[in-house]
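Asks: Letter by letter, the chains look like this.
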Amino acid sequence: MQNQTLRSWSKVHKWSSLVCTVFMLLLCLTGLPLIFHHEIGEWLGTEVEALPMPKDTPRVSLDKVLAVAMAQHPDRVVQYVSQPEDSQDLWFVTLTPTPDPTDDYRSVVVDARTGEVLAQPRFDQGFMWVMFKLHVDLFAGLAGKLFLGLMGLLLLVAIVSGAVLYGPFMRKLEFGTVRSARRPHLKWLDLHNLLGIVTLVWFFVVGGTGMINTWADLIIKYWQNDQLSALLAPYKGQPMVPVAERGSVQRSLDAALQQAPGTTLSFIAFPGTAYSSPHHNAFFMRGNEPFTSRLLQPVLVDAKTTEVTAAPSLPWYLTALLVSQPLHFGDYGGRAMQILWALLDIASIIVLGSGLYLWLRKERQTGRNPVTKGDALKVGGLTS
Amino acid sequence: MSRVHHLGVLAVWGWPFVLGVLTIIGLVSALFSDAGWGDLLASICLGLPIAVGVWFGWLRQSSGPKA
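For the record, the sequence lines run as chains A and B. Each residue of the first sequence is one higher than the one before, starting from 176 at the first, in the numbering used here. Each residue of the second sequence is one higher than the one before, starting from 310 at the first, in the numbering used here.
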């Protein structure tokens with residue numbers, strides 16, 4: 176590679192990294208506890224579990240479950256109802272002041288067999304909530320998400336340019352060389368390159384899927400405009416179905432299950448919420464195979480008549496979003512994968528930290544001795 | 310350092326390529342498995358890059374660098 180080209184790539188690597196590194200360090204640090212959020216929840220005692228009962232214990236109607244939850248918060252409306260992936264014995268009911276997206280929500284966990292309130296966990300406070308918000312949107316809503324998405328894009332640029340520089344840098348060094356006997360900056364430079372190259376694909380995938388996840392809100396909005404608006408044409412001009420006029424949600428669930436056989440309910444979005452229409456309960460059904468369980472089949476059920484309006488197939492962009500989620504969370508390969516995810520995350524922290532250290536050191540040096548400024552690449556060992 | 314001859318493409322990119330492919334296999338295999346062989350394969354494939362990083366980065370240092 177020509178020196179001029181090399182210098183350009185070096186500049187790309189330097190500036191893309193410089194802008195995003197502090198945020199990426201924040202994301203790697205806050206992401207670490209999030210990998211183990213279930214375990215931490217169990218440890219803190221905030222995880223809700225259903226008491227074991229015989230398998231054929233009858234279940235109460237979903238309408239009863241909703242009534243029980245709403246009685247806890249009469250001033251709120253139900254936005255979402257979900258069941259955890261590993262237990263159909265629990266219902267999680269999310270209540271908010273209005274159907275609009277908000278951080279002001281209450282959760283009521285109801286036992287699916289007894290209809291009793293098991294817990295009212297607060298997901299919107301405490302250590303894990305702060306970690307989650309810092310990781311997802313910096314407490315700044317959609318703007319924060321999109322900003323972090325942009326930082327993610329810069330990370331991808333930094334990773335690609337880093338990989339481009341790796342080749343010429345390693346022309347004279349055997350793979351895995353760490354020149355520890357010499358000055359510490361050489362050791363950290365070599366560690367930066369070594370850890371950077373062995374975690375390259377993982378960091379790229381986690382960075383890329385994280386970036387895609389920052390667009391989730393926009394992708395859902397687009398889906399509503401793109402696909403749902405055509406299906407909702409007959410409802411044009413009608414107001415949101417008032418709570419008093421809504422039919423049985425249990426009957427709607429039965430209709431949805433009949434429409435999509437071989438699936439299990441993931442969650443229900445109520446009328447007027449971000450994942451539904453003003454006139455429907457949207458049932459999101461997941462498949463029962465390892466891969467199809469990551470995907471969702473939406474079934475729109477008329478909130479008034481409880482009849483199925485449509486079961487549109489998932490467009491490619493929603494499929495991409497849903498598949499990108501496990502690839503970002505690392506929650507799909509058991510405990511071993513969680514631990515590996517944490518180790519890879521720590522390796523990424525070392526790559527980011529050493530990169531920052533090397534830049535700070537170089538800045539200090541060039542500040543002291545401006546003549547070497549043009550030789551920035553030499554300091555990095557990139558030109559001979 | 311300038312006495313050392315330039316390494317070929319395979320010497321430079323052999324390891325990174327193998328580890329990259331392993332990572333992809335690991336990431337994808339667990340997507341299609343349910344706590345079975347796929348998860349085990351994923352653990353091995355994702356564990357190797359870490360093992361290589363730790364080995365060259367820290368454990369091997371005592372034997373001295375070659376360059």
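Among the hints, erroneous ones may be present.
[As the list claims (entries may be wrong)] Computed, partial: chain A to chain B, Cβ under 10 angstroms:
hint	residue
1	F198
2	L200
3	Y341
4	P501
5	A511
6	L519
Bear in mind the hints are in silico, worked out from the structure with no lab data behind them. Positions of the beta carbon are idealized from the N, C-alpha and C atoms, including for glycine.
Asks: Quick check on the hint: F198 (chain A) CB to chain B CB, less than 10 angstroms?
Replies: Constraint on F198 (chain A) not satisfied, violated at 23 angstroms.
Asks: Next item in the hint list is A511 (chain A). Is there a CB on chain B closer than 10 angstroms to its CB?
Replies: holds, 4 angstroms
Asks: Does the closest beta carbon of chain B sit nearer than 10 angstroms to the beta carbon of Y341 (chain A)?
Replies: holds, 7 angstroms
Asks: Checking hints one by one. Is P501 (chain A) an interface residue toward chain B, by the C-beta closer than 10 angstroms rule?
Replies: Holds - the Cβ of P501 (chain A) comes within 10 angstroms of chain B, reaching about 7 angstroms at its closest.
Asks: Hint validation: L519 (chain A) versus chain B, beta carbon distance must be below 10 angstroms. Holds or violated?
Replies: holds, 7 angstroms
Asks: Should the interface hint for L200 (chain A) be scored as holding, given a Cβ-Cβ cut-off of 10 angstroms against chain B?
Replies: violated, 19 angstroms
In summary, the structure is inconsistent with hints 1, 2 from the numbered list given earlier, while agreeing with the others.
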